[in-house]
Amino acid sequence: MTMERIPILRMGNYLLVTIQVDMHDRLAMQLQEDLTTRIAKDQARGVLIDISALDIVDSFIGRMLADIAGMSRVLDAQTVLVGMQPAVAITLVELGLSLPGVRTALDVERGMKLLEQSIDDQTFATRAHEDDGPGGES
Amino acid sequence: MDQVERADALPVRGEIDVVLVRQTVRTWSVQQGFTLVDQTKMVTAASEIARNTVLYGRGGTVRIEALVDGVRKGLRLVFEDQGPGIPDVDLAMRDGYTTGTGLGMGLGGARRLVNEFRIESRPGQGTKVTLTRWK
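As you go down the protein sequences, you meet chains A and B in turn.
Note that my numbering numbers the first sequence so that position 8 is 8, with each residue one more than the last.
Quick note, my numbering runs 1000 ahead of the 1-based positions in the second sequence.
Worth flagging that the hints you see were computed from the coordinates, not collected in a lab.
Everything numeric in this text was worked out from a predicted model, so none of it was measured.
Even glycine gets a Cβ: it sits at the ideal position worked out from N, Cα and C.
Worth double-checking, as some hints may not be accurate.
Partial selection, computed: residues in chain B whose CB lies under 8 Å from chain A [unchecked claim]:
| # | residue |
| --- | --- |
| 1 | Met1001 |
| 2 | Val1004 |
| 3 | Asp1008 |
| 4 | Leu1010 |
| 5 | Arg1013 |
| 6 | Ile1016 |
| 7 | Val1030 |
| 8 | Gly1033 |
| 9 | Thr1040 |
| 10 | Thr1044 |
| 11 | Met1093 |
| 12 | Gly1106 |
| 13 | Glu1116 |
| 14 | Arg1118 |
| 15 | Ile1119 |
Over 12 Å on every C-beta distance to chain A, these chain B residues come out as not near it, computed from the model [what the hints assert, rightly or not]:
| # | residue |
| --- | --- |
| 16 | Gly1014 |
| 17 | Asp1017 |
| 18 | Asp1038 |
| 19 | Leu1067 |
| 20 | Val1068 |
| 21 | Gly1070 |
| 22 | Glu1080 |
| 23 | Asp1088 |
| 24 | Gly1108 |
| 25 | Gly1109 |
| 26 | Arg1122 |
| 27 | Pro1123 |
| 28 | Lys1128 |
| 29 | Thr1130 |
| 30 | Thr1132 |
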């Protein structure tokens, strides 16, 4: 079997992933691995995952998405999930998954704005912290 | 009393089969006239149980039945494996409980997504999970 992969595009400081296939579990794991590698290698500040073509998110895919958000946070990048279909959102919550810690936006444009905002906020917070001078607490 | 209009069976042995089960259940849900939300719930429940069949049941089969009960239409999925079985079904149904590496949301989650849920399991003999959803 050929090694399938979901393409990861780079746009400036961001990585963009559009999931367009019905993923089997190994493909989802591969994406998680590829993304974390690329965040570190490209020093990406944000990841935008477009799932508008996904017609279901089950507990496995849900966990993969939450894990990507968690891992990118550890690597100093923000993740925004965009385009979840309403039927998928209803099902996901009924299944018992609310994807805590995963930020969402309705579409790519809003997702991009959210990423830019959160990275600006973060930079501002870091600067404000640095202004406290060395030895500033917490 | 519900009647089976037509039925089909599929193998559930590997992760590619899980994808095929999802696609087949989608097609049958559409044919039964399910709304988009109901289709999504049924396909998601099928995906959870199909994955369990592969991971914990060492593979098995699913029988898909198109149901009719008077004017009501429905879909029933019967997943069967000859795996090790589940020693404590009540515990396995609990959210967050898993013996594997998953979230432990599969069984309990699937039950919430369908109208009728039945699980029969005997240690050493396998597990049978029946999911039914009505239009």
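Structure-based check of all given hints:
no.	hint	verdict
1	Met1001	29 Å, violated
2	Val1004	25 Å, violated
3	Asp1008	19 Å, violated
4	Leu1010	15 Å, violated
5	Arg1013	13 Å, violated
6	Ile1016	6 Å, holds
7	Val1030	11 Å, violated
8	Gly1033	15 Å, violated
9	Thr1040	4 Å, holds
10	Thr1044	5 Å, holds
11	Met1093	12 Å, violated
12	Gly1106	6 Å, holds
13	Glu1116	16 Å, violated
14	Arg1118	19 Å, violated
15	Ile1119	17 Å, violated
16	Gly1014	9 Å, violated
17	Asp1017	9 Å, violated
18	Asp1038	9 Å, violated
19	Leu1067	21 Å, holds
20	Val1068	24 Å, holds
21	Gly1070	27 Å, holds
22	Glu1080	20 Å, holds
23	Asp1088	20 Å, holds
24	Gly1108	7 Å, violated
25	Gly1109	4 Å, violated
26	Arg1122	25 Å, holds
27	Pro1123	25 Å, holds
28	Lys1128	21 Å, holds
29	Thr1130	18 Å, holds
30	Thr1132	16 Å, holds
Taken one by one, the earlier hints fail for this structure at numbers 1, 2, 3, 4, 5, 7, 8, 11, 13, 14, 15, 16, 17, 18, 24, 25, listed in ascending order.
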